[in-house]
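> What follows is each chain in one-letter form.
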Amino acid sequence: MPTMRYREALNQALREELEADENVFLMGEDIGVFQGAFKVTAGLLQEFGEKRVRDTPISENSIVGAGVGAAMLGLRPVVELMTVNFALLALDQIINSAASIRYMFGAQVKVPMVIRMPGGAGHQLGPTHSHNFEAMFLHIPGLLVAVPSTAADAKALLKAAIRDDNPVIFLEHEWLYGQRGEVPENGGPGRFGEAAIRREGSDVTIVGISRMAITAQRAAETLSKEHDIEAEVIDPRTLRPLDLDTIIESVQKTNRAIIVEEGWPHGGVGANLAALIQEQAFDYLDAPVGRVAAADVPMPYSKPLEQAAFPHEEHVVHAAIATFRDI
Amino acid sequence: MAVRQTDAPHKLPDKETSVEVLERMLLIRRFEERAGEMYAKAKIGGFLHLCIGEEATIVGAVNAMRTTDYLMSTYREHGQALARGTPPEAVMAELFGRVDGVSKGHGGSMHLFDWERRFLGGYGIVGGNLPLATGVALACDYKGTDDAIVCMFGDGASNQGTFGESMNMAALWKLPVVFMVINNQFGMGTSLERHSAVTDLSKKAEGFGVPGSRCDGMDVLDVHDAVGEALRKAREERQPQLVEAVTYRFRGHSMADPEEYRTKDEVAEWRKRDPINVFKQRLIDEGVISDDDFEKLDERATGRIDEATEFADNSPFPDLDSLYDDIYVYGDQVKGWYAVDERAPEPHRGEDEREAGDLAHELAEAGAAYTHEEYEEDRWRHSGDDNAGGGEGEPAGGARDTTGGGD
Ligand SMILES: Cc1ncc(C[n+]2csc(CCOP(=O)(O)OP(=O)(O)O)c2C)c(N)n1
Numbered sequence: 001m002p003t004m005r006y007r008e009a010l011n012q013a014l015r016e017e018l019e020a021d022e023n024v025f026l027m028g029e030d031i032g033v034f035q036g037a038f039k040v041t042a043g044l045l046q047e048f049g050e051k052r053v054r055d056t057p058i059s060e061n062s063i064v065g066a067g068v069g070a071a072m073l074g075l076r077p078v079v080e081l082m083t084v085n086f087a088l089l090a091l092d093q094i095i096n097s098a099a100s101i102r103y104m105f106g107a108q109v110k111v112p113m114v115i116r117m118p119g120g121a122g123h124q125l126g127p128t129h130s131h132n133f134e135a136m137f138l139h140i141p142g143l144l145v146a147v148p149s150t151a152a153d154a155k156a157l158l159k160a161a162i163r164d165d166n167p168v169i170f171l172e173h174e175w176l177y178g179q180r181g182e183v184p185e186n187g188g189p190g191r192f193g194e195a196a197i198r199r200e201g202s203d204v205t206i207v208g209i210s211r212m213a214i215t216a217q218r219a220a221e222t223l224s225k226e227h228d229i230e231a232e233v234i235d236p237r238t239l240r241p242l243d244l245d246t247i248i249e250s251v252q253k254t255n256r257a258i259i260v261e262e263g264w265p266h267g268g269v270g271a272n273l274a275a276l277i278q279e280q281a282f283d284y285l286d287a288p289v290g291r292v293a294a295a296d297v298p299m300p301y302s303k304p305l306e307q308a309a310f311p312h313e314e315h316v317v318h319a320a321i322a323t324f325r326d327i
Numbered sequence: 328m329a330v331r332q333t334d335a336p337h338k339l340p341d342k343e344t345s346v347e348v349l350e351r352m353l354l355i356r357r358f359e360e361r362a363g364e365m366y367a368k369a370k371i372g373g374f375l376h377l378c379i380g381e382e383a384t385i386v387g388a389v390n391a392m393r394t395t396d397y398l399m400s401t402y403r404e405h406g407q408a409l410a411r412g413t414p415p416e417a418v419m420a421e422l423f424g425r426v427d428g429v430s431k432g433h434g435g436s437m438h439l440f441d442w443e444r445r446f447l448g449g450y451g452i453v454g455g456n457l458p459l460a461t462g463v464a465l466a467c468d469y470k471g472t473d474d475a476i477v478c479m480f481g482d483g484a485s486n487q488g489t490f491g492e493s494m495n496m497a498a499l500w501k502l503p504v505v506f507m508v509i510n511n512q513f514g515m516g517t518s519l520e521r522h523s524a525v526t527d528l529s530k531k532a533e534g535f536g537v538p539g540s541r542c543d544g545m546d547v548l549d550v551h552d553a554v555g556e557a558l559r560k561a562r563e564e565r566q567p568q569l570v571e572a573v574t575y576r577f578r579g580h581s582m583a584d585p586e587e588y589r590t591k592d593e594v595a596e597w598r599k600r601d602p603i604n605v606f607k608q609r610l611i612d613e614g615v616i617s618d619d620d621f622e623k624l625d626e627r628a629t630g631r632i633d634e635a636t637e638f639a640d641n642s643p644f645p646d647l648d649s650l651y652d653d654i655y656v657y658g659d660q661v662k663g664w665y666a667v668d669e670r671a672p673e674p675h676r677g678e679d680e681r682e683a684g685d686l687a688h689e690l691a692e693a694g695a696a697y698t699h700e701e702y703e704e705d706r707w708r709h710s711g712d713d714n715a716g717g718g719e720g721e722p723a724g725g726a727r728d729t730t731g732g733g734d
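Chains as they are written, first to last, in my numbering: chain A, 1 to 327; chain B, 328 to 734.
Source of the hints: derived by calculation from the structure; they are not laboratory data.
One or more of the hints may lead you astray.
[Claimed, not checked] Simulated restraints, written as ranges between beta carbons of each label pair:
| hint | chain 1 | residue 1 | chain 2 | residue 2 | range |
| --- | --- | --- | --- | --- | --- |
| 1 | B | Glu350 | A | Glu226 | 21 to 27 Å |
| 2 | A | Phe324 | B | Glu443 | 39 to 45 Å |
| 3 | B | Lys368 | A | Phe324 | 52 to 58 Å |
| 4 | B | Lys470 | A | Leu73 | 46 to 52 Å |
[What the hints assert, rightly or not] If you want the footprint, here are the derived chain A segments under chain B, 3+ residues with CB under 8 Å:
| hint | segment |
| --- | --- |
| 5 | 28-34 |
| 6 | 198-212 |
| 7 | 306-317 |
[To be verified] Calculated from the model, a selection of chain A residues having no Cβ within reach of chain B, i.e. all distances over 12 Å:
| hint | residue |
| --- | --- |
| 8 | Gln12 |
| 9 | Asn23 |
| 10 | Lys39 |
| 11 | Tyr103 |
| 12 | His123 |
| 13 | Gln124 |
| 14 | Pro241 |
| 15 | Asn255 |
| 16 | Lys303 |
The beta carbon of each residue, even a glycine, is placed where N, CA and C say it ideally should be.
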C-alpha cells in the first residue's frame with residue numbers, strides 16, 4: 001500500500017471527487033493561487049481552473065452562507081475555512097442555515113456541503129488561533145462531524161463527506177497534516193459512524209479524539225510496558241454519527257473508560273461520552289469514567305505554558321492508572 | 328485617482344521632529360529585522376508578521392495622534408506598539424513568550440497591548456478590531472472626552488462584514504474614530520484586485536456614511552497630513568473617517584511565505600520607494616542631517632534592539648503555576664469552581680487555589696517538558712499561519728526552516 005501524508009491524502013480525495021462529479025467545487029481563502037494555507041489544495045487550481053477552485057475574499061460568514069445557497073441548488077461545495085478559529089465568524093450560517101434548513105423547510109431541500117477546517121494547539125498561536133471545537137460542532141443537530149486521525153481515514157471520510165447529502169463539519173488537525181500513513185490505492189469512500197479499534201486490550205478503554213487518538217495509542221504502549229495495563233484504544237473517527245456500540249462493547253469488557261480530547265473540559269466531548277457510557281454501561285463500570293482535556297484556560301502563547309495546557313501522553317497514563325485506584 | 332494628499336512634496340517639519348520621525352522608523356525596521364532572525368533561531372514561536380515597508384504609514388499616523396488618543400491594530404502590530412512608545416524590551420520579551428512581555432507571555436506577537444500608552448491591542452482575527460474601535464469611540468463620546476481612536480487594518484479585512492457594520496454604526500452615532508486601511512496590496516497571497524471588487528478602498532465606506540481619503544503610505548509626511556486631518560474631522564465634527572494608506576509589504580505575509588503570488592521585480596520596484604531611504608535621502612539632500620549623522624542614528628537604533636533582545640533573552644518564562652491566573656476578575660461573587668483542570672484526576676480550583684495539587688503540578692511539568700526536547704513527531708515546520716503549509720514534516724532541527732507555505 002502506498003504511504004503518504006495526511007495532507008496528500010486529503011488532496012487526493014478532493015482531486016478524485018472533483019473529477020468524479022462536476023457539481024463538486026472548492027471555495028476558500030487562499031486555496032488557489034496560494035495553494036492553500038496548509039497546501040491541502042495544492043495543484044487543484046491549475047488542474048481544475050477558477051470555476052471549480054475559487055479563491056474568496058476574507059469573509060467567513062458569507063463564504064459558508066454562499067456554500068449553503070449553492071448546495072440548496074444541488075451543487076456540492078467543499079468550503080475550506082483557513083482554520084477552525086475562523087469558523088467562529090461563520091457560526092450563524094453554520095448553525096442557523098446549514099444545520100437547520102432541511103428541517104426548518106420541511107425537507108424540501110437538502111444542503112450537501114462540506115466545511116473543512118484545521119485546528120489544534122501546540123504551535124504557539126495564542127488564544128485566538130489554537131481552538132478545538134469538536135464539542136461545539138457535536139452540540140448542533142443537523143451537522144455531521146468527522147475527526148479523522150490517519151491519512152487513510154482522512155481520504156476515505158472526505159470522499160464520503162463530499163458524497164453525503166448532509167452538511168458535514170470536517171475537522172482536520174494541523175499537527176496531523178505532516179504525518180504519514182498507508183492509504184489504499186483506488187479506495188472508495190469510508191463510512192461515517194464506524195469507530196476503529198486501534199489497539200486491543202482488556203483492562204481499560206481509552207477513546208481518543210482526532211490527534212489525541214495518536215496520543216492515546218502512545219500512552220497505551222507505555223501503560224503496557226511500564227504498568228502492566230493493557231488498554232484498548234478506540235478512535236471514533238466520526239462524532240456524529242457516533243459508533244457508541246463499539247465503545248460500549250469495549251467498556252463491557254474492560255470495565256473502565258477514559259476519554260482524551262484536546263478541547264476544553266466543560267461541556268466537552270469527554271463530558272458527553274462519559275454521560276453516555278454511564279447511561280448505557282453503568283453496571284459494568286468499576287471506576288468513574290475519566291476525562292483528559294485541555295487546561296480550562298484560553299490557550300497561552302508562551303511555549304512552556306502552552307505545552308502544560310494541552311494533553312500529552314503522561315496525562316493519559318495518569319488518568320488510566322487513576323481508574324485502578326482504590327481497588 | 329490620486330494617491331497623495333498633494334502633488335508637491337510636503338514641507339519638512341523642524342529638525343528635531345524630522346530626526347525623531349526617522350529614528351522611529353529606523354527603530355521599527357531594525358526591530359523587525361531582528362525579530363525575523365530570532366524567529367529563525369526559534370526564540371520566537373507561532374506566526375510572525377513583519378511590517379517592513381510599512382514604517383512610514385505607521386509612524387506618520389501615530390505622530391498625528393495625541394498621546395491621549397487610542398490606537399488599535401492587527402496581528403501585524405509590533406511597529407504600532409513601538410511607534411506609540413512601548414519599550415522594545417517589552418515587545419521583544421512578549422515575542423519570546425517571557426514574563427516581562429507586554430502581555431506577560433500570554434498573547435505573543437499577534438496580541439500585544441499597552442494600556443499605559445493607549446495602544447489597545449493587536450488582534451489575531453481579521454476584521455475583529457473594527458467593532459472594538461467603534462466601541463472605544465462610543466466610550467470616548469459617552470464620557471464627554473475629546474479623545475479619538477485610530478483603528479488600523481489591512482486591505483483584506485475590508486471584506487469582512489464587520490467593515491460595513493462598524494462604518495454604519497460609527498457614522499450613525501457620529502463617533503470619533505478614524506478607520507485606517509493599510510493597503511499593502513495583498514491579503515496573504517491574494518492581491519487586492521483578486522479580493523475586492525472596489526479597489527479604491529478610500530471609497531469603500533462612502534455608502535455607509537464614512538467619507539474617505541487616500542495617502543501615500545511610503546511618505547511619512549503625506550500620511551501624517553491625511554491622518555491629522557481625518558482625526559480633526561472625527562474629533563471636532565464627529566464625522567468618522569476612512570483613510571487609505573497605499574503601501575507595500577516588503578516581506579512575506581508571515582515568516583514562511585514562499586511568495587509565489589508576486590514577482591521579484593514587483594517587490595524590487597516597490598523597494599525603490601523604501602520609506603526610510605526616501606525620507607533619509609530628503610533629510611540629507613536638504614542639509615538637515617549628514618550621512619554620518621544617519622550612521623549614528625542607525626547604530627543607536629541597532630543598539631536599542633541589542634538591548635531589547637538581551638533583556639528578552641534574560642527574562643524568565645512564566646511560572647507554570649500562573650497558568651490559571653488572570654482569566655477572571657475575582658470580586659464578591661460566591662466562591663465556586665471557576666476553572667476545572669481535567670488533565671489531572673485531582674482538580675485545580677483555578678486562581679483561588681493557585682498552588683495546584685501535587686499530581687496536577689507534576690502533570691503540568693510533564694507537559695512543559697516538551698518545550699525543551701524536540702517532540703519526536705512534532706516536526707511541524709513553522710511555516711506560517713495558517714501555515715503549516717510547508718510543514719512538510721521534515722525535522723525542524725535546531726534552527727527553524729521557514730520555507731513552505733502559510734499565513
Ligand atoms: C477571520 C480570519 N480569517 C482568516 C485569517 C487568516 N489570515 C490572517 S492574516 C490574513 C490576511 C489579511 O490580509 P490584510 O487584511 O490585507 O492584512 P495584512 O496581513 O496584509 O496586513 C488572513 C487571511 C484570520 N486571521 N482571521
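> Beyond 12 Å from every chain B Cβ: check whether that's true for proline 241 (chain A).
Its Cβ never comes within 12 Å of chain B, the nearest being 25 Å, so this holds.
> Establish whether the coverage given for the segment 28-34 of chain A by chain B is satisfied; the threshold is a Cβ-Cβ distance below 8 Å, and no fewer than three residues must meet it.
holds (count 4)
> Would glutamine 124 (chain A) pass as off the interface with chain B, using Cβ distances and a cut of 12 Å?
3 Å, violated
> How does the segment 198-212 of chain A fare against chain B when you require at least three residues with a CB closer than 8 Å, holds or violated?
Violated: only 0 residues of the segment 198-212 of chain A have a Cβ under 8 Å from chain B.
> A range of 52 to 58 Å was offered for this pair. Does it hold for the Cβ distance of lysine 368 (chain B) and phenylalanine 324 (chain A)?
Given range 52 to 58 Å: violated, Cβ gap about 45 Å.
> Tell me if the beta carbons of lysine 470 (chain B) and leucine 73 (chain A) are separated by a distance inside 46 to 52 Å.
51 Å, holds
> If I take the minimum Cβ distance from lysine 39 (chain A) to any residue of chain B, is it greater than 12 Å?
Lysine 39 (chain A) not clear of chain B: closest Cβ-Cβ about 5 Å, inside 12 Å.
> Determine whether the Cβ-Cβ distance between glutamate 350 (chain B) and glutamate 226 (chain A) falls within the hinted range of 21 to 27 Å.
60 Å, violated
> Any Cβ of chain B at or closer than 12 Å to tyrosine 103 (chain A), or is the non-interface label fine?
Holds: least Cβ distance 26 Å, greater than 12 Å.
> At 12 Å, judged by beta carbons, does asparagine 23 (chain A) keep clear of chain B as stated?
The assertion about asparagine 23 (chain A) holds, with a minimum of 25 Å to chain B.
> Regarding the assertion that histidine 123 (chain A) does not contact chain B, is the least Cβ-Cβ distance greater than 12 Å?
6 Å, violated
> Using a Cβ cutoff of 8 Å, are there at least 3 residues of the segment 306-317 of chain A near chain B, or does the coverage claim fail?
As far as the segment 306-317 of chain A goes, the hint holds, because 8 residues have Cβ atoms under 8 Å from chain B.
Going down the numbered hints, you'll see the structure goes against 1, 2, 3, 6, 10, 12, 13, 16, while the others check out.
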